[in-house]
Amino acid sequence: MEWVQVSPEHARAQHQFAPADTYYPPNTPAAPWPGQWYLTNGGAASWDLRVDTAWLANRTGTGVVVGVVDDGLQTAHPDLSANMVAGEHRDFVQADNDPNPGGANENHGTAVAGLIAARGGNNLGITGAAPRAGLAGLRVGFPGTAAMFSDATLYRSSGATRTIAVKNHSYGPSTPFASATVESNALTTSAQAGTIHVWSAGNARGSALQDANKSMTTANPWALVVAATGSDGRFAEYSSFGANVVCAAPSFSLNQKLVLTTDRTGSANGYNGASGDAFPDPDYTSTFTGTSASAALASGVMAMLKQAKPAADVRFAKHLLALTARRLDPTDATESSDGGWKTNAAGIAFNQNYGFGLVDASALVAEAANWGGVSALATATSGTVNVNAAIPDNNATGLTRTFSLTGTGKLEEMTLRLVATHPYRGDLQATITSPSGTTSRLFARSGNDDGVNLDWTFCTHAFWGESVAGTWTIRLADMGPEDAGTWTSFNTTARLGQLL
45 MEWVQVSPEH ARAQHQFAPA DTYYPPNTPA APWPGQWYLT NGGAASWDLR
95 VDTAWLANRT GTGVVVGVVD DGLQTAHPDL SANMVAGEHR DFVQADNDPN
145 PGGANENHGT AVAGLIAARG GNNLGITGAA PRAGLAGLRV GFPGTAAMFS
195 DATLYRSSGA TRTIAVKNHS YGPSTPFASA TVESNALTTS AQAGTIHVWS
245 AGNARGSALQ DANKSMTTAN PWALVVAATG SDGRFAEYSS FGANVVCAAP
295 SFSLNQKLVL TTDRTGSANG YNGASGDAFP DPDYTSTFTG TSASAALASG
345 VMAMLKQAKP AADVRFAKHL LALTARRLDP TDATESSDGG WKTNAAGIAF
395 NQNYGFGLVD ASALVAEAAN WGGVSALATA TSGTVNVNAA IPDNNATGLT
445 RTFSLTGTGK LEEMTLRLVA THPYRGDLQA TITSPSGTTS RLFARSGNDD
495 GVNLDWTFCT HAFWGESVAG TWTIRLADMG PEDAGTWTSF NTTARLGQLL
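The sequence shown begins at 45 in this note's numbering and counts up by one.
It should be emphasised that the hints constitute simulated quantities derived from the structure, not laboratory data.
DEER-style ranges, computed between Cβ atoms:
(1) A62 with T450: 52 to 60 Å
(2) W415 with T446: 31 to 39 Å
(3) S448 with A377: 26 to 34 Å
(4) W415 with R206: 20 to 28 Å
(5) T219 with A440: 22 to 30 Å
(6) N492 with S223: 14 to 22 Å
(7) L298 with G491: 20 to 28 Å
Note that beta-carbon positions come from the ideal geometry of N, C-alpha and C, so glycine has one too.
Start from the sequences, fold in the hints, and give me the full structure.
See below:
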């Protein structure tokens, strides 16, 4: 399938980190550039990452290496070089250890890296969310091969060598329901070994791919999927949504504050200048945007978590986010939200535009100290249930089936494989309802998706913490006229676990 873009200090010094960087508040540049509002902006209604309290506790990513799976990384950038970990780099295009960009348009990875871990406190430029984390450039091609992306996903984060603790994937597919089995399997293997993989939800709102549950890697429950919000505290106009979204983080949104990050150095390189960026320092750019930016900031926070709890994995991170993420846009009633903020029977709020909410770095790191880890993953499954029934055409009521699950565990994710034949799958939409009465849309209809048939595994976080036991209901509906199809079968897996 085609993918599109969307040296650490090992000594744990216990001093407070205080940034002293040119473009960090209060050293903000002149208007219209607002400085790094997305890290800490002050005020109860400021929709930033709230990193300041964690920084004061010296949670800066020290000793944690973050892999940037992207189009290259300028290792000599003056605001990144101090955090480079030379022995961890890899170029999967050229099969060598030099991750630097190879073409004039390979600017994305350097911008991503700055949001994750630009060197803070060096009296230069900006600071990343994790200003003392190490950076490993893992260069891939766009488009690249399945082997290239899977190798980058597994590199030094599975098997005997597991030195890269967090990986950022600010890219996604170009079409819905595109197979990425090799890449998704690599993600599962690496995440099970403890690496936290942060994935962009996508910039596809308004397209056939607008529901992030239609991307195989982001529908994988081992991914930490991040949507984007603007400085106004609302979802960015491009941000993909879905039941698989875990959280949101800041980025640029229309008519809102810009996001400042590192750019390839010099006026002849990078986004600055070529993209009409008027920011006066050519080594930085104010035009970087998308869920690429929000995922990068979340990756920085995951590095802070890994410093505080080295054994933290994505399951532990999701539990903490469910408890600490900030609910924003409380009156959101957009169709994409799936009914706005819904609080389930376990008291956990969820919204498909935001997941559990906006990442709060300081609250997350503080909450981590209250727990030793997470219980071993357990599952409850329905097995394959054959339906083989016609789906009523142009009928929102659709076709329903029930199934029962037993057990005493608390839910994490629920995954569900749906198989159907249909000449225009964009008409289809599905929901699942728990025994407690919580309903989650598994995927939204996309009238502009003219693909045929459906065989896909979806993921939802809406039941987090609920009891698994009881009768569940699945509804598959054909929301458009003319084309009719058949629901063939389904298979569900409830993933269970809790904080310890």
